[in-house]
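Chemist: Sequence:
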Amino acid sequence: MVCCTYCESKGLPCSLVTRPRPRVSSSAATKRSSRGEATAAQAAVCTTARVCSQSCSPVEVSPLPPRDVCEDLVDVYFSTLHDTQGALFHRPSFMRAFEENTVPDIILLSISAFVARFSNHSYFDGVDRWDRGHTWGRAARNMLNIQTMEISIVTLQVCHLLSSLSIADGDPATEALCSGIANRVVQLLGLPHRLSQDPLQREIELRVWWSIYMMDVWIATGRGFPRTFHLDLSWPWPMEEAAFEQLGPDAAVDLIELDNDHILRKTSMWGQMIPLAALKAQIQDLNDSARYAGDTMDEGFLESVADLSSKLDQWVVDLPPSLHDTDANLAQIAERGMGHVFVALHFGYHYFAILLYYRFLHDSLTPNMSAQRLVYAQRCKFHATAITRLLWTGTHEHRCNCVWLLISHLLVISSSVHLHTLLLDTDPDLIAQARILLERNFIMLTNLMEVWPWLAHTMARLKSFHDACLRAPNAEDAFQMDDWMNTFLHQHSHVLPSDQRAYRNQLVELDHWEHAVLQTERFIDA
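Note that the sequence shown covers residues 1 to 526 in the working numbering.
Derived from the structure by calculation, the hints contain no laboratory data. A quick note: this is a predicted structure, and the numbers were derived from the prediction, not measured. By construction, the Cβ of each residue, glycine as well, lies at the ideal position given by its N, Cα and C atoms. It is possible that part of the hints are untrue.
[Said to hold, decoys possible] Listed next, with one range per pair, are the computed distances between beta-carbon atoms:
id: 1; residue 1: GLN491; residue 2: TRP235; range: 26 to 34 Å
id: 2; residue 1: ASP427; residue 2: ARG291; range: 29 to 37 Å
id: 3; residue 1: ASN101; residue 2: GLN378; range: 52 to 60 Å
id: 4; residue 1: ASP288; residue 2: GLN314; range: 18 to 26 Å
id: 5; residue 1: ARG184; residue 2: ASP318; range: 46 to 54 Å
id: 6; residue 1: PRO249; residue 2: ASP318; range: 29 to 37 Å
id: 7; residue 1: LEU177; residue 2: ASP477; range: 35 to 43 Å
id: 8; residue 1: VAL317; residue 2: ASP232; range: 16 to 24 Å
id: 9; residue 1: ALA173; residue 2: ASP288; range: 19 to 27 Å
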């Protein structure tokens, strides 16, 4: 795909994809991929790495990109990924440090490895988006390994960046290890109890702390690990994003008293993710307990569902009006360049609700379904629709840079709910709507797949789920909550096949499958 639908219709250069990525359509392309040949730009990076490894310690010299490329990658990072999966930096002070050449190399290497796939800089001309940044990522990991493991905020920032990069590389073990290191460094630093007296540094420490907390929740719930941290409501929330951006190095010390200022704390989009993360952990615990009990929905289980459902509703009620999920709010926040953070906030809410209600899709169309269970099944479909609507509107109407990796997982889960409607509903209007929603999800996933190789495996899992639906004597049985379904819903990390060429070949098969899903007679006759 050359560009997204919006950019194509407007005749605009697409920031996500500017050229089609070769999809192994010839033997020459396959040989080139298998040999790992690089263009001059990639070769220059590799040469730097070889010189570094032969003549000096990686701590002393690192294979950083050229200065102009590094500047471009830093800008790409802040405009696409910052404040989505993590809130690690204060942009104005980071840029000052960058101009003064005081940003640690390990930070720049981690950022470069993570976002090179998004850059349109001429340095990367001819280099496949999937193949960029590997050298920088290896160098950053090596530097982290050979450090004396400095107990610092920098180590936390690097661990978070490398953990996120490991998801993209299909390396869940390193993802979890980086999270574990970060958890211990947080404890050694005494965060969030021992914070700097400098207002700006204090806010950076708070945001990094909450980023590590969120990472712990996601990895623990996704991998079945015990959580290291449990929410304490006395912990201070981060400052509202615009106010944080305006903080300077000479901020008055009395700004520390802003902990009591609910306007600046409660209107923080990152702050509002905190209670949501706690609800995700509770929903995971409930689903785990049901699985261990044989997935029986007794009265006690249904009471727990009702309680968590009420908490999700209350979270919406407690949101400041400026953060409600409305098109006007999204437009206003997108104008400030923070639309992707707004989308991330509400994506979490809708995804966690789907995790709570998904099990009620099974048997939702049977005559003896209780009224309350039917409501839960309908809510599941409402939230799946909201995910598609929000991302489509954000990217196509408000040009939000919604490209962080976990979006793909949410789109796949949303698509599985739309499949339920296509397969099993009898209302032609709902079937037509579900087909449109599914098609939009495929378009957005295809765009994301241009930069995240991990997505092909995620899409393959959705294809496997669809195939299971078609093979089952009763398609509704495929939606029964079992171990496979629990893993499908909760686990966002998957291992890439060792043969990258075979992995890329999956893309061609998936392209054909996407069209088949929307055209299959079973859906049309549903």
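Chemist: Decide, hint by hint, whether the structure agrees.
Modeler: Now for the hints, and whether the structure bears them out:
1. GLN491 <-> TRP235: 26 to 34 Å: Given range 26 to 34 Å: holds, Cβ gap about 28 Å.
2. ASP427 <-> ARG291: 29 to 37 Å: holds, 32 Å
3. ASN101 <-> GLN378: 52 to 60 Å: holds, 57 Å
4. ASP288 <-> GLN314: 18 to 26 Å: Hint holds: Cβ distance 23 Å, inside 18 to 26 Å.
5. ARG184 <-> ASP318: 46 to 54 Å: violated, 33 Å
6. PRO249 <-> ASP318: 29 to 37 Å: holds, 34 Å
7. LEU177 <-> ASP477: 35 to 43 Å: holds, 38 Å
8. VAL317 <-> ASP232: 16 to 24 Å: holds, 23 Å
9. ALA173 <-> ASP288: 19 to 27 Å: Since the Cβ atoms of ALA173 and ASP288 sit about 22 Å apart, the hinted range of 19 to 27 Å holds.
Checked against the numbered hints above, the structure breaks only hint 5 and satisfies the rest.
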